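Participant: Read in order, the letters of the sequence shown correspond to residues 19 to 310 in the working numbering.
Don't take each hint at face value.
Claimed, not checked - Okay, the calculated beta carbon distance ranges per label pair:
(1) 79 / 310: 51 to 57 Å
(2) 81 / 236: 29 to 35 Å
(3) 285 / 105: 15 to 21 Å
(4) 176 / 295: 21 to 27 Å
(5) 97 / 127: 51 to 57 Å
(6) 223 / 292: 34 to 40 Å
(7) 282 / 25: 29 to 35 Å
(8) 173 / 108: 39 to 45 Å
(9) 310 / 108: 52 to 58 Å
(10) 81 / 282: 41 to 47 Å
(11) 97 / 261: 35 to 41 Å
(12) 239 / 96: 36 to 42 Å
(13) 104 / 236: 41 to 47 Å
(14) 216 / 98: 42 to 48 Å
Quick caveat, the hints were computed from the structure, so don't treat them as lab data. Quantities reported herein were computed from a predicted structural model and do not represent experimental measurements. Just so it is clear, CB atoms sit at the ideal spot from N, CA and C, and this is done for glycine as well.
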Amino acid sequence: MAWLQLTLESDPQHAEQMAELLEKFGAVSVSFSAVSNEPVFGQEETEPVLWQQTRVVATLYEETDLDVLLVCLRDRIGAEHILKHEITLLEDRDWISEYQQGHRPLTFGDRLCICPSWCRPPDSLTEPIILDPGLAFGTGSHATTSLCLEWLVANDVTGKTVIDYGCGSGILALAAARLGAGEVYAVDIDPQALQAARENIQRNHLDRHIVISHADEIDLPATDVLIANILMNPLLDLGPQFAVLVQVGGRLALSGLLATQAGECLAAYQGWFNMEHPVYRQEWALLQGTRA
């Protein structure tokens, strides 16, 4: 079987939307890289590292209707955000197997492991989170997700109430449960995300430990920890609600932000939380704070 490779270039913020649509068109794999290896400015972890363009490369079945796909991309994202596209016919290879070989277990600290179903987890971790790489909802490899997972490991959640707001695949809720949280709530407004999260929670036998719901259909309790890996505008809109949900002394982590957006979001939350210095990775940021 021959395959098609579609290479697109866009700005970092629209690359994730591209990946979601490519998944719906049956992409076997999607990868991201910087168009140029030279960052605009910054050093990883301490300052923003930004690239002006991101390359998105998708492997698709040969019969994929690329004309329809490109029209959908332009309608969904805007033609002005698709800076370049290139189509290549690939030789007959087992791309699914190669894709699986490219995804290995991800470990965070000495207690947390995100492991694809076809891999064996490290012997030292007896209860990994089984999560196959998906394109739209997160499996730990994206910078914002890994920042959030590292934050959960660094902030002891044992016995605490944790809310994963905008749960996507449920990866952060799963991690909190594996790390010993007492009560975990996973909420989202996207039905597809909720379905993916529900399946992942059941697959990991944590459905008795995690409450999953549409965000508008649940009265969330006061919480010790709230983590939200979503987008800038929803984070700004949700600030007052998060301030009510997080108990005094409770911890907050926000990601899904470009590094250039961190300052505005941090300023918006300073009225309710004692905000700390952002953590940067590539062109992304994580904000953290304690409820005042």
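Participant: Name the hints, by number, that the structure is in violation of.
Facilitator: Hint check: 2, 3, 5, 14 fail, others pass.
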